[in-house]
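> As they're listed, the protein sequences go chains A and B. According to this note's numbering, the first sequence is numbered sequentially starting from 489. According to this note's numbering, the second sequence is numbered sequentially starting from 113.
The hints are simulated quantities; they were obtained by calculation from the structure and are not laboratory data. Be careful, since some hints might not be right.
As the list claims (entries may be wrong) - Here's a subset of chain A near chain B, in silico, CB distances under 10 angstroms, partners left out: (1) N521; (2) Q530; (3) L580; (4) E581; (5) R586; (6) L649.
Keep in mind it's a predicted model, so treat the numbers as computed, not measured. Even glycine gets a Cβ: it sits at the ideal position worked out from N, Cα and C.
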Amino acid sequence: MKRLLIQRLVSAVFVMLIASFLSFSLLFSAPGNPAETILRQQSGLDPTYDEIELFMKRHDLNRPFLVQCLQWLYLLTHGKLGVSLRTGEPVLEEFTARFGATFQLAVAAMALSVIIGLPIGVFAATKPNSLFDHIIRVVSLAGVSIPEFWLGLMLMLCFSLALGWLPCFGHGTVRHLVLPMITLAVGITASLMRFVRTSMLEVLNLDYIKTAKAKGLREVVIVWKHALKNALIPVVTILGTQLGHLLAGAVIVETVFSWPGIGKFFVDSIYARDYPVIQGFVLIIAAIYVLVNLLVDILYVYLDPRVRYEGRS
Amino acid sequence: MQLKMKGYLRTVTIALISLFLISVAAGCAKTGDQAPVDRKEKVLRLGAVYDFKEATEGKNLIFERLVGVDREGNPVPQLAESWDVSEDGKTYTFHLRKGVKFHNGTVFDASAAKFAFQWIANNAPFGNYVEKIETPDDNTLKVYFKEYYAPFLLDLASGWTSPVICPEAVEPVGSVDGKLTKFIGTGPFKLVDYEKDKQAVLVRNDEYWGNKPKVDKVIWKTIPDPHAQIVALKAGEIDMIGITEHHSSIPYVEVPGLRKAGIKVEETSYGRYQVLEFNCQKEPFNDKKVRLALNLAIDREKMVKELFGGLPEPAYTITAPWFKYGPSNVKQKYGYDPEKAKQLLAEAGWRDTDGDGILDKNGKPFVFELLIPAGEANADAVAVFVQSELKKIGVQMKLLTLESGAAWDRSGKGEYDMFVHHSGCLPSIPGGIGIGQKYHSKSKSWPAAYHAQELDRLIEKAWSTPDESERKKICDEIWEILHQEVPCIPLYDIVKVVAYRDNVSGFKPAPTMFDMELQHIEVK
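Please put together the full structure from these sequences, using the hints given.
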């Protein structure tokens, strides 16, 4: 296990730096410059040429590409991620101020999806081509097809406006979490159901299941103890990617429900060409992906006894 | 190392459910925004698209300026009660208002004004023109200019350019080069709480020198999506929307629906028009006749009625005529005359020689591209309407919507045929007729706009004379030339729309679109 961790740590550093460098390069080479966009958005007026020049000078934006990269790396080695061009606040502070909300939403939506999606997917696989199975396949198709934006607004109109049961925006109590969580969970649950079903069907057709049936084991034990364990391996991989995705910020849901997470801030920073924010956020998010993948790999060991990370001669 | 897997399913289930509960509980650790409210406290809840500190409108509730401005563009007293200007326009003597305090108790006197002015001058356009600043006594601030700088008072009236800040509001404290870190101003409201991207809580400034607000508290709630804002307003979770953005977030088409639901909606014109700028430096719009023809081909009355339910007024001049130096005396008017448009195009050499419905000249068809920066309000609907109007006179307009940064990049280089923009408004000189602005040839941001030597000469003359009536006469000449030369197609007035529930009363629109006058508002 120790070797695995060290390997992962080393590759994490590479992944983080390369991802950050690529994002910065892409944004840097895109048309448009930060001074123009930020000044225009904040003042509401067209910035004059002089104002733009002053902004560029003040934030050292006229330096050549490689110089900017190296100076950012230099800052990084001192544990600093720089300052946002838009808000003037440290990038790390902008991240930590918003990440809590994103984490909460991501984990809640993921947990809800698994609690609902997993059992349903398993049941559908045990009764293939039954009425239940057909209904589930239609429902899951609808679930992955529904746009989050539309679903969020519809839920808001129904539960906040018409019924008045839940608040329609904001963050802070359980009641605020319900609608955004459901909006996100619908898509994840739908794709999870299909995936679990497919994976389970494959496993249930394998020889060792027939052996178990022949041995006289109960259906419940076969399905939920033996088959599911193996079916979960590819499922867990997908869930890991999904979680990483959610932790990077669910922009649409954040916008619709005014959820103060990192997603919307990140996208707004891209439009504003806020280089320090992009570099810093991509760095941290890459680290999160690596961490999530590591957790998934550790989970494999629990699920599949054939998986070993330390050699046994 | 081999790991055991006993009852893994139970473990996983327990882990999931506990994770779920933890995440739910973690979110509640922060202050919920349904804190118990004193029944007798009057609170106005505003729904805003942007974060409080990001938007200049938020700043304008906390900070004031030395000088304000009225709707037409005349400077009016604010923190300066009155001022004298020397004959040559190079010396300004401001008589400061007495009895004004910053939110932290610091007295606003001449030395505070001097600090604020120096801090402002570091970034303001007039900064390079200031020679020296003097404070002859505790209530007077004197500013000496190296040369006459006409837009000075308007620059001072801009909340974006010239907020009067307290020396303790910057870091390092008292430094004129410091960064603004605390919101400590002289305005009618004090900032008491702020959460990024969530909300800002402001309370009434009981020591305010002017009309004290009638409400006790104003809460600025960040709701980025306009539709979510409308739902929140209807559900009663907020009281007012649209007031916190200079270009209202409320789509015009939603207004009738809001009114039907019992929401009060008020629209205010700030003289800012949505226009289509021509590239006057190359084919096909380097021909004045062609520019005029396209202007006459669009039925603006029909457009505002069909697209916006008649809410905004159609525009027939480059900017609002009622501004102080606006085009109030132009003789060349635009209107709707498609027959004359066709005639003008024919005179310019455009005829449909191959019968395909599109005019052509020298073998080239009349096809061009309209560049639309994404996010320009209503631009998509307007573009499609104009496209169909132009088709009727044989002109084919293609639409290109680009991400805002990319679109502005191209516009700055003059790489467009036509560009969706808006005319100026206060507090800057309306219409882009200042020195170095849109229609002056020294404009580095608008190389493709209409430029002419005579125009440059008049612009420079208008803004180098301190005599205001002389300036008005010259501006009239400038507007006449511009309207003759047709540099753009004015479309409609971009009105600011504010919607509020019926428990709110006393709403009064502010003189500029960047300000809010919340002092008169009462909440039941």
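> Are the hints correct? Go through all of them and say.
Hint by hint, here is what the structure shows:
no.: 1; hint: N521; in the structure: 7 angstroms, holds
no.: 2; hint: Q530; in the structure: 6 angstroms, holds
no.: 3; hint: L580; in the structure: 13 angstroms, violated
no.: 4; hint: E581; in the structure: 9 angstroms, holds
no.: 5; hint: R586; in the structure: 6 angstroms, holds
no.: 6; hint: L649; in the structure: 5 angstroms, holds
Hint violations for this structure: number 3 only, all remaining hints satisfied.
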